[in-house]
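Student: Here is what each chain is made of, one letter per residue.
There are 2 protein chains.
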Amino acid sequence: MSTPGHLASGLWRHPRNRTSQYIDIEYWTDLARILEAGKFHGLFIADVLGHYGVYRGAGNIDAALPGAAQFPNTDPFLPITAMAAVTKKLSFGVTASTTYENPFLLARRFATLDHLTKGRIAWNVVTSHLESAATNVGLETQVPHDERYKMADEYLIATYKLWEGAWRDDAVIKDDKQYTVPGRVRYVNPGKYFKTAGPLTTEPSIQRTPFIFQAGASSSGKAFATKHAECMFLIGMDPKTVRKTVEDVRKQAVEQGRNPNTIKTIARINIIVDDTDEKAHDKYQEYLSYADLEGSLTLFGGWTGTDLSTINDDEDLKFTGPGAIQSMVSSCSATVPGTENVKWRKARVARELAIGGPHPKAIGSPYHYQVGLPELRARGVFWDDYSASTTRENYQGDGRGPRLRDDHPGSKYRWRAD
Amino acid sequence: MSTPGHLASGLWRHPRNRTSQYIDIEYWTDLARILEAGKFHGLFIADVLGHYGVYRGAGNIDAALPGAAQFPNTDPFLPITAMAAVTKKLSFGVTASTTYENPFLLARRFATLDHLTKGRIAWNVVTSHLESAATNVGLETQVPHDERYKMADEYLIATYKLWEGAWRDDAVIKDDKQYTVPGRVRYVNPGKYFKTAGPLTTEPSIQRTPFIFQAGASSSGKAFATKHAECMFLIGMDPKTVRKTVEDVRKQAVEQGRNPNTIKTIARINIIVDDTDEKAHDKYQEYLSYADLEGSLTLFGGWTGTDLSTINDDEDLKFTGPGAIQSMVSSCSATVPGTENVKWRKARVARELAIGGPHPKAIGSPYHYQVGLPELRARGVFWDDYSASTTRENYQGDGRGPRLRDDHPGSKYRWRAD
Chain F
1 MSTPGHLASG
11 LWRHPRNRTS
21 QYIDIEYWTD
31 LARILEAGKF
41 HGLFIADVLG
51 HYGVYRGAGN
61 IDAALPGAAQ
71 FPNTDPFLPI
81 TAMAAVTKKL
91 SFGVTASTTY
101 ENPFLLARRF
111 ATLDHLTKGR
121 IAWNVVTSHL
131 ESAATNVGLE
141 TQVPHDERYK
151 MADEYLIATY
161 KLWEGAWRDD
171 AVIKDDKQYT
181 VPGRVRYVNP
191 GKYFKTAGPL
201 TTEPSIQRTP
211 FIFQAGASSS
221 GKAFATKHAE
231 CMFLIGMDPK
241 TVRKTVEDVR
251 KQAVEQGRNP
261 NTIKTIARIN
271 IIVDDTDEKA
281 HDKYQEYLSY
291 ADLEGSLTLF
301 GGWTGTDLST
311 INDDEDLKFT
321 GPGAIQSMVS
331 SCSATVPGTE
341 NVKWRKARVA
351 RELAIGGPHP
361 KAIGSPYHYQ
371 VGLPELRARG
381 VFWDDYSAST
391 TRENYQGDGR
401 GPRLRDDHPG
411 SKYRWRAD
Chain E
1 MSTPGHLASG
11 LWRHPRNRTS
21 QYIDIEYWTD
31 LARILEAGKF
41 HGLFIADVLG
51 HYGVYRGAGN
61 IDAALPGAAQ
71 FPNTDPFLPI
81 TAMAAVTKKL
91 SFGVTASTTY
101 ENPFLLARRF
111 ATLDHLTKGR
121 IAWNVVTSHL
131 ESAATNVGLE
141 TQVPHDERYK
151 MADEYLIATY
161 KLWEGAWRDD
171 AVIKDDKQYT
181 VPGRVRYVNP
191 GKYFKTAGPL
201 TTEPSIQRTP
211 FIFQAGASSS
221 GKAFATKHAE
231 CMFLIGMDPK
241 TVRKTVEDVR
251 KQAVEQGRNP
261 NTIKTIARIN
271 IIVDDTDEKA
281 HDKYQEYLSY
291 ADLEGSLTLF
301 GGWTGTDLST
311 INDDEDLKFT
321 GPGAIQSMVS
331 SCSATVPGTE
341 NVKWRKARVA
351 RELAIGGPHP
361 KAIGSPYHYQ
371 VGLPELRARG
381 VFWDDYSAST
391 TRENYQGDGR
401 GPRLRDDHPG
411 SKYRWRAD
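From first to last, the protein sequence lines are chains F and E. The numbers in the UniProt record's numbering rise by one with no breaks, and the one at position 303 of the first sequence is 303. The numbers in the UniProt record's numbering rise by one with no breaks, and the one at position 361 of the second sequence is 361.
Isolated chain F, as found in the complex:
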């Protein structure tokens, strides 16, 4: 996230931490160069459109401020072209909300980025969950969760039509007479009352539809993701649970008529590595000494809707809400020895989430955990180099080009030359 405190409030104060330089363009271009040198698939930028506003009372702004808990933040679209200019293969995932962005304007923005990055762009589709985002964009309150996913489904269909269906594949010829051939660009949602008549003003880009990321975990979220996603983020869990989730995802994908192998999965993990296990654990403790625990509780409040400022310090917490909260919090400590039997009180929640948020931690040497890139490469479980230049090709790895796969619901809107 383009903020000093994404999942580690207060860490911007660490001497080696550069996140408070996020407002400088050099921060982004340096980061992109480092990631491409390490052959990372992509750089993904999360986003929120407001402040967390749950902890210390509804609407509270202040709790996030000292640690910079995802506030302040800036627009994730704008550093992309500066990074694209200094890289060739690294992909860029950008978060944008189907609840608050206009579909035409967003489709145009992604098409522009797909051109300027030469096909290296992914869209992390979110429906947004902060009350403050709703009041920022002018709504009285949030659209209910399941309705947001229904909106998102219609929204994606509308944007597929703009990207895949408005320009025939052979519309742009740039010969000695014509840039675009008349008759090969059309309205895609001709109904007077529908949301975006088109045609998209932007000519077809390499991928047309950006590669689609999604992280839906609720029941409506999963139904949406298994229909539209090409890559899913799975929230922090242990390997056994991840396996079950992946199997469920593939099963649901098949039920939706998709090829289950065209949905890639990313299990999030927070890695702290050093030469020895001991050094790595010391590093973790050192990081913790910079953590802003109020910031942790602010983020917990926004994610769960639970304001822990109303809970006493010595109260044992019982997570009776959605299972995801229990799972989110308990998974954080799975790999930190010595914490298994500590009681879940407010201080522990704050501390477990402080470095890396609600994701399992892998802390240790690269020889103990499989967490060092050179070590992973030596073991043959991580590629030596990018296999292609576009996001879709590098993530799918199936040699089938930069366009949507045929099983994807967006592909049926494609306007072929033949």
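The set of hints was computed from the structure by calculation and includes no laboratory data. Watch out, some of these pointers could steer you wrong.
Unchecked claim - Selected chain F positions facing chain E (Cβ under 10 Å, derived; list incomplete): (1) 28; (2) 71; (3) 109; (4) 177; (5) 205; (6) 307.
Unchecked claim - With a Cα cut of at most 20 Å, we get these calculated SDA-like pairs of lysine to any residue: (7) 118(E) x 21(F); (8) 118(F) x 18(E); (9) 227(F) x 248(F); (10) 89(E) x 24(F); (11) 264(E) x 288(E); (12) 89(F) x 401(F); (13) 177(F) x 288(E); (14) 174(E) x 290(F); (15) 39(F) x 385(F); (16) 174(F) x 290(E); (17) 251(E) x 269(E); (18) 88(F) x 26(F).
Given the structure is predicted, the values throughout are model-derived calculations rather than measurements. From the three backbone atoms N, C-alpha and C, an ideal C-beta is built for every residue, glycine too.
Since chain F is already given, all that's left is putting chain E on it; use the hints.
Tutor: Same frame as chain F, now just chain E:
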């Protein structure tokens, strides 16, 4: 404009023309480097959110396509950071519509760009005039002209509050404890039903409010511009008329309580220069040989609402509409010898607008017309170098810093440290 055919349809086919590379990032970074080497104040990107759709019948897409008459086009915000990364002083003016963009999302985008460019960003405020833009963003039809300007006025006040009033000037301190000090960030439009509650999620940038460009020419447009603009584009006219317009602007500005000298004016001019006058005129004729005249008439249709496809080739045109149309068209030929007495028929309209659109042309050697930058510099009428690093400082040239001037209506929303 980020398009192959902004004000010269068909010219993308000229061997030295690079506009069809507008979808490549190198096109933009090369352009920015050239402009900064020449000490140009800024690069300004116009925009439209649809196709012209008047010429050859309401809703027509095809007429624009061969010449690429402002179609296709891409989002003007996205190449900015790539250009900012290769320059230090050049300013970037970006067009965005108050009718179609959400004020919170737009304010955040400009604040982000002001950070990433280190204060080199300007907003060209437009209310948009294409029917196709309305149907692209989901409206049934356009908001009427004068109402659009009323909306724009409220819109700007809302964004001033986000930029100037949400974060106290000393809110961000980044000391060993606090990134931002609690109590120094606030809601700015607390009414439940108003359009953007804030606070802006983005910390204060160098200029806070981007430098404001405007080109309003109608009566409601001028009232808006003389209230909000810091720099006005004046549409193509002869020097005498420009002088009168500038005097009117300054008079209206005073009536609105502003210092008339804080509104800068730019008289648009289309320059074709070569070693001798004869060579320059030959160059113009060569350019004309690449022009797509259907594209010219497409743009004329969109600007005026008049579909010249319904007019016979030998019909003498009488411009009985708003004075601006007459002025727009006739001004184009003011400096082209031999065209004064040619009748205004369809072919002449198309030809006069074909190279550079509705702006007066200066065609000749730099010694005849004051049109070559080295010659202008030799005469002491153009600066030798940038006077500062931010847009507002370079345009105002008054040594009074990067923030809004005190006479500007946005300055009263400023939340000062004292």
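Student: Next, verify each hint and record whether it holds.
Tutor: Status of the hints after comparison with the structure:
no.: 1; hint: 28; verdict: holds (8 Å)
no.: 2; hint: 71; verdict: holds (6 Å)
no.: 3; hint: 109; verdict: holds (5 Å)
no.: 4; hint: 177; verdict: holds (6 Å)
no.: 5; hint: 205; verdict: holds (8 Å)
no.: 6; hint: 307; verdict: violated (17 Å)
no.: 7; hint: 118(E) x 21(F); verdict: holds (12 Å)
no.: 8; hint: 118(F) x 18(E); verdict: holds (18 Å)
no.: 9; hint: 227(F) x 248(F); verdict: holds (13 Å)
no.: 10; hint: 89(E) x 24(F); verdict: holds (15 Å)
no.: 11; hint: 264(E) x 288(E); verdict: violated (33 Å)
no.: 12; hint: 89(F) x 401(F); verdict: holds (15 Å)
no.: 13; hint: 177(F) x 288(E); verdict: holds (14 Å)
no.: 14; hint: 174(E) x 290(F); verdict: holds (14 Å)
no.: 15; hint: 39(F) x 385(F); verdict: holds (6 Å)
no.: 16; hint: 174(F) x 290(E); verdict: holds (14 Å)
no.: 17; hint: 251(E) x 269(E); verdict: violated (24 Å)
no.: 18; hint: 88(F) x 26(F); verdict: holds (17 Å)
Violated hints, in rising order: 6, 11, 17; the structure is consistent with all others.
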